[in-house]
Amino acid sequence: MKRIAISPPVAAVLLAIVLFVLSGLLPNGFGSDLAIARAQATNILRLAVFLGVVAAGQTLVIISGSEGIDLSAGAVVTLSAILTYSIVNGSNANVLPALLAALLAGGLIGLINGLGITFLAISPLVMTLGMAGVVSGLILIITQGNVGGAIAPIMTQVIARPVAGVPGAIPIWIAFGALMWLLLQRTSFGKHLFAIGTNRITARLSGVNVTAMATGTYAVAGMLAGLGGFMVVGNTGVVHIRIGDPFLFPSIAAVAVGGTLLTGGKGSYFGTMAGALVLTLLTSLLTTMQMPESVRRMVLGATLLIMISIYGRERRFRQ
Amino acid sequence: MRQIRFPFVLWLFIVATLVNLFLQPDFLQPVTINSNLRVLLPLILVAVGQAIVILAGGIDISAGAIVSIVNAFLATRIGLNGDPGTATLMITLSLLAGMAVGAINGFFVASLRLQPIIMTYATSFLFGGLALLILPNPGGGMPSSFTKFYHDTMPLGVPLAFYVIALVMLAWYGLRQARYGRYLFAVGGKADAAFQTGVPVSLIQFSTYVISGLMAAFGGIALTLLTGSGNAQIGDSLTLSAITAVVIGGTALSGGTGGIGGAIIGAIVLGLFRNIVSFANIATWWQTFVNAAIIVLALAMPGLIRLLRRGNT
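The listed protein sequences derive, respectively, from chains F and V. To convert, note that position 231 of the first sequence is 231 in my numbering; the numbers rise steadily by one, no gaps. To convert, note that position 144 of the second sequence is 144 in my numbering; the numbers rise steadily by one, no gaps.
In short, the hints are calculated from the structure, not lab data. This list has only true hints and no planted wrong ones.
Computed, partial: chain F to chain V, Cβ under 8 Å:
{"#": "1", "residue": "GLU67"}
{"#": "2", "residue": "LEU120"}
{"#": "3", "residue": "ILE122"}
{"#": "4", "residue": "ALA256"}
{"#": "5", "residue": "THR263"}
{"#": "6", "residue": "SER309"}
Positions of the beta carbon are idealized from the N, C-alpha and C atoms, including for glycine.
In isolation and in its complexed conformation, chain F is listed as follows:
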């Protein structure tokens, strides 16, 4: 019998749809009211955008293989959110410089991660974990506990203003997803990324500059986390010194749920987008059901386990 194969991104999207329909059947769900259902779907999508952008960088480093992971993403989101908040300071004219600063700060931290991992041979997990501590420390030094500033009107407008009936954040995400697809599938960066993720030795022998690629990937991932922080603060309008923390582990989970192999070399950003959707939906579903924190965690854990049990298995040992 032939096994039915569903590609992970499709499975994740299907799961998201099932979860959404289920959420409608709840006592306080949307029931048969399509207008409310549509509003809720839009809202979930909008919330998933921010996790989706932060998880983009995570997708790249995980595809790059060699235990690639970025545990500094949460701290970078916080740092860039704070930078954005204080640089913009309520003025539309400062939005562009703030975006540049967020990208630059994230890119710089990512670059340090990359250099430590490639040149000093520190394993990605502990290197990025260490940098997360350093960045959190920097945030404390810079802010001393309180952050002054404000976001600009234009940021909320762009994120919330309806374009063809949906908030601006959603078309931005779709465009962003298309760019990520181009980057992964249609550029030599993407080709080399999958090559080093599959096997670094064969990649080097076939002429890929592995060190530069790996370092660059972490730098790009840092920039994407920086972009994530910029967008997060644009959405919330307020900032605090732990604003990025809740994004860290979901960003890794979104990548895994989306079917990207954590061992590297295989994956897609569309999968991550679907994964971000599933996780956001699940979280909001559990919140609406007013489940206690304990049950919420257990359901999240079980879902993740089931998703990775379906397609996250490694091959068996063979004689």
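Take the given structure of chain F and dock chain V to it, following the hints.
Structure of chain V alone, referenced to chain F:
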């Protein structure tokens, strides 16, 4: 000529001890050592379990959540007025519980062949949720006579933690001499090759998660004895510290090289770093940064030395 390598973590240990001694003249007094070690013991125990999993090529992100389960369990089942009989029973049960949840991890990794990092991350939610289910709000605890015993017992003038560490080391050397030790390194080095030479790879992988669960349970017991109170999220921060301790101790995350001794000293070094930061009169806002920067430097040092050497030759 064969080069005798002095483990890098021992250099770190010596330097950190000297700085501590400079900042805190009574640092080597048995009482001070005791008060430092009793705080570090939970991390040391979790790091030992983590090191064994990592040696076999895995990783256990759920270890901290297992610590939380044990803490929540003991704080609710023994309580502030518990008697020694109940306590003994509950402590035994918590060790079994640690092994049981470790076995769940082991099952998923060894039988279902899931990637350890994301799998144990998923179970960390399951276990963390379970801990919160047992103890939704911080509370409960242990009788103060128990915590006093843990805090102040120094048989023959030597801190209690020394005996615990010595026992762990002894058990480790026993394991290493046995066939199990060879299998462990073989599985971590190259699982495929080990499988082909007849090593029961799945069984070894499974066993490392059970050991990690057991060590996390020991860590949870020590932590509960240290704080005397219950908090279902108390173990969360231990996971990543333990992994850092293992790596600083010279065990590669890719598996196959390293040992328990390094992990123990690595955990102590992390504690010494924290001591330095809190005793060096560093402004409060700078402490997190300085602590993290020292850790990153310690991680970077072996690589830096290698780069410099390569530059010289």
